[in-house]
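Chemist: Required output: the full structure, derived from the provided sequences and hints.
Taken in order, these protein sequences are the chains called A and B. Going by numbering that gives the first Met the number 0, the first residue of the first sequence is number 0, and it counts up by one from there. Going by numbering that gives the first Met the number 0, the first residue of the second sequence is number 0, and it counts up by one from there.
Simulated from the structure, these hints should not be mistaken for lab results. Some hints could be false.
Quick list of simulated restraints, FRET-style, between CB atoms [stated by the list, open to error]: (1) 384(A) with 5(B): 53 to 61 angstroms; (2) 195(A) with 67(B): 45 to 53 angstroms; (3) 217(A) with 111(B): 34 to 42 angstroms; (4) 389(A) with 152(B): 44 to 52 angstroms; (5) 228(A) with 79(B): 37 to 45 angstroms; (6) 29(A) with 162(B): 32 to 40 angstroms; (7) 212(A) with 266(B): 24 to 32 angstroms; (8) 24(A) with 348(B): 51 to 59 angstroms; (9) 8(B) with 336(A): 31 to 39 angstroms; (10) 37(A) with 5(B): 49 to 57 angstroms; (11) 348(B) with 193(A): 54 to 62 angstroms.
A virtual CB, placed ideally from N, CA and C, is assigned to each residue, including glycine.
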Amino acid sequence: MRRASGLMPQLRSAAMLIGYFVVPVAVLLLSPWWALLLIVAGLAVLIATTRAGQQVWSVTRIGISTIPQRLGSSSVVVVGIAGVVAVLVALLAMAQGFAVTLQQTGSDDTAIVMRAGSQTEINSVIDHDTATLVSQAPQVARTAAGLPIASPELVVIAALPKKSTGLDANVEVRGVGERAWDLRPRVKMISGRRFKPGLRELIAGKDAREEFAGVAPGATLKLNGQLWDVVGTFDSGDAHNSELWGDTDIVGSTYRRGSSTTSVTVRLAQASAFDAFKAGLQADPRLQVDVSTTRQYYNAQSQTLAQIIRILGTTVGIIMAVGAVFGALNTMYAAVAARTREIATLRAMGFRGTPVVVSVMMETLLLALLGGALGAAIAWLVFNNYTASTLGANFSAVVFSFDVSPALLWYGLRWALTMGLVGGMFPAMRAARMPVTAGLREL
Amino acid sequence: MKYLHLIWAALMRRKARTLFTLLSVLAAFLLFGLLDSVHNAFSNASSGVAGAARLISVSKISFTVSLPKSLFARIQAVPGVAEVSYANWFGGIYQDPRNFFPSEAVAPNFLDLYPEWEMPASQRRAFRETRTGAVVGASLAERFGWKIGDKIPLQATIFPQKGGSNTWTFDLVGIFHATDPAQRGNENVFFFNWNYFDEARQFGTGSIGWYAVRVADPAHADRVAQAIDALSADSDHETKTQTEQSFTAALVSQFADIGLIVGAIMAAVFFTLILLTGNTMAQAVRERTPELAVLKTIGFTSRSVLGLLLAEAVMLLAIGAAIGLVLAGIVVIAVRSELGSTIPLTPVGGEIWLRGLGLAVLIGLIVGVLPAVRGMRLRIVDALSGR
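Modeler: In structure tokens form, the structure reads like this:
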């Protein structure tokens, strides 16, 4: 009997910890937005209709109305949480932006063929015969004139000075075939004109033009000892924007590659034809090639780096969140301590513990929400569409912009609410458990 | 120092508050330690002292374009050049593309240029004499559990063998160690014999990825670099020769501006920290106003009250920073032994500690100064009567 009664309080506090703490945190972090909205709506109904709810409301109103008196310490909660959310959202937006840029580049109805085992275009070599065989495959779509929509492409690297630093960085030069325009209908010229096949002319992607010096239309570039005219700027809305394009044959002769290329990209008659296309090429004893849809190819390229940035962002976020939670705890304990007499008076008048707990929680959550919104706003204002560049799989620049999506902002808010929940929980329990008589005597 | 117990008593006055503040400080400096370690790893890669006497000569067009072997003898003849070697990027894959590590075919004398890689003489000899020989850094060997004598298959991404096969099999004949622990992050490399590579590859035989040059006197590195570039000027294979550091630095800076990212995160963290601990200190001083008045009454000068309060803030920050940096050190050791060098990290050493504690003292002074001045200006009569 004695043992059981000794265990009871421990069991009770364990149950309370799970009930008040673990469950709400899990709910906050895992449930979808509409479920949270339902919970909030449910709470609002409870507050409006039940007697306990009205008690909660009046106690909360008192607490919130005293925030201006504690502006300094309350702002610690807001700013602390804003900092965490801003850093977290910015880092995740970087990962997201990189991934989205590469993923947009690929599609399910275009396929890229490279030499077996080569992983990336820059490693690959496709000879002229292979390129011809690939473009003659029956699954390849054809133009109105009956020509296969296939582009033998040659990726080489040039070192050009970056505008921002003046230092040389790698830019991808892509030789494309005549039907590259049918292959990638999204590509639009935004200034100048297309290069003319057979001439030493280049067009620059929109991002390459922003990033590198000397690639505006009208400029002359020296690549591998030969002069090239830049005749236009194109926008493809994807990773090709970081590239310079020219005629495959001319790029090949300049870089002494003969008639070999690095890859062949084709448009399939329909996306479902991919399996047959791949099986056909791999069964052909004359070919040793890897075949993937461009979506698979570009997704694979985005994964590693995006994953590293996400892990980094989450780790940094967690450590910062721990710091911010302790700051919030300090503030809320101080807030509860400052209101000791007031809370004790309420209890003496017959208010139950729950309204007191809930009101302290609501106050903290409100501050956290404010902090979360502030942090998300900062991340959005400063970093949305912020451009950065990194080295892609072809050892050359991939320009991308940070993508502060609504989903990320919402994710940041969830983190903020979770921090508020943890930071408010313990002070709230303390407020509710305070002995009334001691509290009343407090100065 | 004789007031240490007084400062300690002040900190212990509200244990919970001090503890929470301490934990916030700790989190901030744990992050500082980790990020600085990453930052160091990236800047060490480009500023290793060992590389000062080495030049890297690559094609001016881009480092993916190869150079003719005929340059070898001509570079060797340039005055001021002590030794020349060459290598080629291989880019092999071990089992899974995610197991990435650099693999390079290197000339027999390549390791002689890298005295910072320590390897027993017998293994060096074995590397020269074994056609299919390969040597790896200790941390790479550890990562995959390789031992000397193992046969290691790599899948070629660029260079198939003459028969069209992508599989190259190497015999592990040596394992090298970095003499400088700060360079251990660079141990993650796989070198194998040039002759095997050059004879067996399907194309490109006789061409070279880059030349590594040791100069006799690092002070003349620039002049030697210019002389090497002059050899191929206006030819169809112009070279660009630079010190190993500037070559790596240029490459790293193209990946990401690590300094900017780390700087931005740390700015956010420390801004928040200053506000947070500033609030704690302000609270602490407000609460103790009568006590401070008593101190003044019994003869403490205004200046020593100021000093006491500043010391309190600095001590809080310094203790938190010290624990945070110790933790960061432990985390770095754990991550390095668990993951090898997939994540570049340097051990949390003297340099990071110095910067961390310096920052702690600085922040302590910043957050302490307002409350401390308030304490200094207290008028005894007002404070005692609670006005």
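Chemist: A separate judgement is required for each hint: does it hold in the structure or not?
Modeler: Going through the hints against the structure:
1. 384(A) with 5(B): 53 to 61 angstroms: Holds, at about 55 angstroms.
2. 195(A) with 67(B): 45 to 53 angstroms: violated, 33 angstroms
3. 217(A) with 111(B): 34 to 42 angstroms: violated, 50 angstroms
4. 389(A) with 152(B): 44 to 52 angstroms: This hint is violated: roughly 31 angstroms between Cβ atoms.
5. 228(A) with 79(B): 37 to 45 angstroms: 41 angstroms Cβ-Cβ, so the 37 to 45 angstroms window holds.
6. 29(A) with 162(B): 32 to 40 angstroms: Roughly 54 angstroms apart at Cβ, these two residues miss the hinted range, so it is violated.
7. 212(A) with 266(B): 24 to 32 angstroms: holds, 30 angstroms
8. 24(A) with 348(B): 51 to 59 angstroms: violated, 37 angstroms
9. 8(B) with 336(A): 31 to 39 angstroms: Given about 20 angstroms between the Cβ atoms, the range is violated.
10. 37(A) with 5(B): 49 to 57 angstroms: Holds - the Cβ-Cβ distance for residue 37(A) and residue 5(B), about 56 angstroms, lies within 49 to 57 angstroms.
11. 348(B) with 193(A): 54 to 62 angstroms: holds, 56 angstroms
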